[in-house]
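> Going down the list, the protein sequences come from chains A and B.
Following our numbering, the numbering of the first sequence begins with 84 at its first residue and continues without gaps.
Following our numbering, the numbering of the second sequence begins with 2 at its first residue and continues without gaps.
Since the hints were derived computationally from the structure, they do not count as laboratory data.
One thing to keep in mind: the hints can contain errors.
[As the list claims (entries may be wrong)] With a straight-line Cα cutoff of 25 Å, these simulated SDA-like cross-link-like pairs (lysine to any residue) come out:
| # | chain 1 | residue 1 | chain 2 | residue 2 |
| --- | --- | --- | --- | --- |
| 1 | A | K201 | B | E85 |
| 2 | B | K194 | B | T210 |
| 3 | B | K275 | A | T208 |
| 4 | A | K201 | B | S84 |
| 5 | A | K201 | B | A88 |
| 6 | B | K275 | B | S311 |
| 7 | B | K177 | B | E85 |
[Claimed, not checked] Some chain B residues close to chain A (C-beta under 10 Å, calculated; not the full set):
| # | residue |
| --- | --- |
| 8 | G132 |
| 9 | S235 |
| 10 | F238 |
| 11 | K255 |
| 12 | W266 |
| 13 | S298 |
| 14 | G302 |
| 15 | A305 |
| 16 | G322 |
Since this is a predicted model, take the numbers as computed values, not measurements.
Backbone N, C-alpha and C define an ideal beta-carbon position, used for all residues, glycine too.
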Amino acid sequence: MRIPVLVRTLSVAGLILSASALAGACGDRIGSVQTSCCGGRTVNTRVCIGMGTICADGTGGDFFCSVDCDLFQAGACDQAKEPSGSGSPLSLIEASDRRLIADTRPSSSAACGLRGEKLEQWIRTNQRVRQ
Amino acid sequence: MWFVALVLLLGPAFQHTPPAHPKKSSDLPRTTVLVASSAKRLGIPFFNFYGQAKQDAGGNVYFHAATRRYSDSSIIRIPYGDSEPKAYSLPEKPARETAFIAFDVAPSGRVYVLSENADHRSIVFEFGGDGDISSRTELGIPPSARVASMSVFEATGNFFVLGYYDSSAPDDLRGKTFMALTSPDGKVFRDLKNSRAIDLNTLGEKPLTLCSYVGEDGNLYVLASDEILVLTASGDFMRRIKLRKPDDAALTTKLIVSQGLAAVWLQSDSAVGKAVELTLETVDIGTGRVVGVYSASDELGDNAVTFSRSEGFVFLRNDGGKVSLLTAHIR
C-alpha cells in the first residue's frame, strides 16, 4: 500500500514536532478517500476511519482530512491567511512520491467556512442542552 | 440456489479497476449547463462538512460536520423552509467510545448514525425529531467488514450496510465487497455475498464508489462504479442498470432516486487534496436511458447536495460566509 508520509512541523519555529505520522501507523484502520466540502469547494480528502486510528504519535487518524482541507484552503483562501484561530500553524511535507509542501494556517475567515473548533462551538450553541 | 444466482448476478458490479484509457460515450445527451432558478440565502454561517449530504422528504439537508475530528458524530440539518438549523451530536460517553462511520436520514427526518467502538463493533444510533437518541442498535456484522454506506428502511426499521472486508478478514474474504441486510435489532438476515473484490491497495488514493439509497418505491438502489443494482427491500435482485458516463474514468460518488429518475454524482478522478470536477447525470430507472448530463454554472458551484425530480438539483454555496441554497431545475 502506498501511503504518504506526512511530517508536521511548527512553521514559525521550523521545528519538527512530530517526526512522522504514517497513515499505516494509524492502528489497523487504513485511510480511505472521500470528498469533503472545504471552503465551499468539493475536495478529495483522505481519512482514517474508526476507533483504531489513533497514530503512534498521538495524532488522530482523521488528521489527514484536516490536512487535505488545510492544504486546499491555503490555496483557495490565500486572502484569508491569518494566524490560526483554532490551532498552530502547520507546515506539511509529504513523502517524495507525492510531495506536498505548503505553509498552511487554519483560517477562521468566513470565506473558508466554519470548521474545527469554531464549528464545534457553533454546534453547541445550536443544540439542545442535554443532561 | 438463490445464493449462487446472486453471486453471478452481482459479481461484476464491484469491479474497481477503471479502463486504462478513459473513453467517452458518444450517444449520450449533450451536457447541459445548469443555472440557478432560485436562490435562498440563509442566516446560517457557512460550514465545512465531510462526505456527501443527505436529505429527507421535506427537502431538509443534513451534513456530517467538519469538526476537529472526523470521528465526531456531529450532524447538522439545514432547513428547507424558514426554521432554524439543528445539530445532532452523541452524548459525551458514546461520543467518547465510538467513531463516526456513516449516516443516513429517513424520509421523516430521523437521523441514523453508524459508528464503531474500540472493538470494531458497528453501532447505529437513532436520533428522534427532538435531537435526542431514541435507540442504540449493535449490528451483527463481522468486525473485519468495513462499512462504507448505510441505508435505512424506515417502513421496517431494517438496515442495509455496504462495504468491504479489510485486511484482517480471512483470506477468502479479504478485499471482497460486503453487503448485508439487518433487522431492526441488528441481526443479519441476509448476507448478499458476491465474488468481486476491491483493491485494498488503492483505498488511500481514490474515493470508494460504494453508495446505496432507499427509493420512494421501497426498493434498494446500490451504486457501483459502472452500474446501479436494484434490489427489493428483502434483498432479492431485481435488475441492473448499466451506467453510461460522459467519461468512463469518472468516479460515481452519490445516488438519489426520485420519481423514477436516478441522479448520479460523477466526479473527476483527481488527486487527494485537490478540488474535483462535478458532473451530474440522470437516468430513467425503468429503461436505463440517460435522460440528461449536466454540469454546474459558476453561480451554482460544485456542491450539489440534493435532488428531486420535481425540483431538480439543490446546490450549497458560500455566500459571503453564509449558507445559500440554489435550486437548478433540470427541465
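> If a hint holds in the structure, say so; if it does not, say that too.
Structure-based check of each hint:
| no. | hint | verdict |
| --- | --- | --- |
| 1 | K201(A) / E85(B) | holds (19 Å) |
| 2 | K194(B) / T210(B) | holds (18 Å) |
| 3 | K275(B) / T208(A) | violated (32 Å) |
| 4 | K201(A) / S84(B) | holds (22 Å) |
| 5 | K201(A) / A88(B) | holds (14 Å) |
| 6 | K275(B) / S311(B) | violated (33 Å) |
| 7 | K177(B) / E85(B) | violated (43 Å) |
| 8 | G132 | holds (5 Å) |
| 9 | S235 | violated (29 Å) |
| 10 | F238 | violated (27 Å) |
| 11 | K255 | holds (9 Å) |
| 12 | W266 | holds (9 Å) |
| 13 | S298 | violated (15 Å) |
| 14 | G302 | holds (6 Å) |
| 15 | A305 | holds (9 Å) |
| 16 | G322 | holds (3 Å) |
Comparing the model with each numbered hint stated earlier shows that hints 3, 6, 7, 9, 10 and 13 do not hold.
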